[in-house]
Amino acid sequence: MKKIILTCTVIPLLLQACASSPEPQREISAPPAFGKNQSVITVVSPASLLFTSFNRNNDYVIDRAEFTAGRDQAFLNADSNQDGRINLFEMDAWRQGALGSKDAAPMSIFFDADFNQVVTKKEFEAAFDTLFNNSDKDGNNTIAFTELVRVAARPSGRSQGKKPAQSKQKKRGQGKGGGRGQHSY
1 MKKIILTCTV
11 IPLLLQACAS
21 SPEPQREISA
31 PPAFGKNQSV
41 ITVVSPASLL
51 FTSFNRNNDY
61 VIDRAEFTAG
71 RDQAFLNADS
81 NQDGRINLFE
91 MDAWRQGALG
101 SKDAAPMSIF
111 FDADFNQVVT
121 KKEFEAAFDT
131 LFNNSDKDGN
141 NTIAFTELVR
151 VAARPSGRSQ
161 GKKPAQSKQK
171 KRGQGKGGGR
181 GQHSY
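Going by my numbering, the residue at position 147 of the sequence shown is 147; the numbering climbs one at a time, nothing skipped.
A portion of the hints provided could be inaccurate.
[Unchecked claim] With beta-carbon atoms standing in for the labels, derived distance ranges:
1) V44 with P155: 16 to 26 Å
2) D138 with N81: 32 to 42 Å
3) P155 with D72: 34 to 44 Å
4) A104 with A126: 14 to 24 Å
[Stated by the list, open to error] Derived pair list, reagent style EDC-like, types lysine to aspartate or glutamate, alpha-carbon separation capped at 20 Å:
5) K122 with D83
6) K137 with E147
7) K102 with E90
8) K122 with D112
9) K121 with D83
10) K122 with D79
11) K121 with E66
12) K102 with D136
13) K137 with D92
14) K122 with D59
15) K121 with D72
16) K121 with E147
17) K102 with D112
18) K137 with D59
If you're looking for bench data, these hints aren't it; they were derived computationally from the structure.
Where is the CB? At the ideal position from N, CA and C, for every residue including glycine.
Please take these sequences and the hints and turn them into a complete structure.
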């Protein structure tokens, strides 16, 4: 009986001691260029997340060969019926899997240069090449992971939880009756 009571009291205490309490969230200070007391947010595009999967040698840099192999594999993955073209349904399914959402940027129209609702391999490659060139900030024909991340200042109104001031006095026309007296509905 003593063992059962001891077990029932000691085990919960041990579990509580072992449980990690969540660390308080740290607010990252903004670089001096953003101004004093302003926090920052880190922005990563869905296409950037896809590009990171192209990195095969784990050096945090995507060179042109890794990019081309990744782009070609992405086309094969998107072309689910293997007819050499990606229709809108295939594109939505691919964007859902590869970019995390069928509504994630870049949009399907970015890939369909002639707007015929079919993306050819040539159009797919051209769109990806544009994304590569836009991501290669230093122009060295590689994309370092640091080039895929953008740090921005958080808008000051939101970061402090401020709401715009509202008048407490109702203006004419904003009530149920629209200024014509009270109506019951």
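Against the structure, the hints:
no.	hint	verdict
1	V44 with P155: 16 to 26 Å	holds (18 Å)
2	D138 with N81: 32 to 42 Å	holds (39 Å)
3	P155 with D72: 34 to 44 Å	holds (40 Å)
4	A104 with A126: 14 to 24 Å	holds (19 Å)
5	K122 with D83	holds (14 Å)
6	K137 with E147	holds (6 Å)
7	K102 with E90	holds (10 Å)
8	K122 with D112	holds (10 Å)
9	K121 with D83	holds (10 Å)
10	K122 with D79	holds (13 Å)
11	K121 with E66	holds (18 Å)
12	K102 with D136	violated (25 Å)
13	K137 with D92	violated (29 Å)
14	K122 with D59	violated (29 Å)
15	K121 with D72	holds (9 Å)
16	K121 with E147	violated (26 Å)
17	K102 with D112	holds (15 Å)
18	K137 with D59	holds (18 Å)
Figure legend: structure checked against the earlier numbered hints; hints not met, in rising order: 12, 13, 14 and 16.
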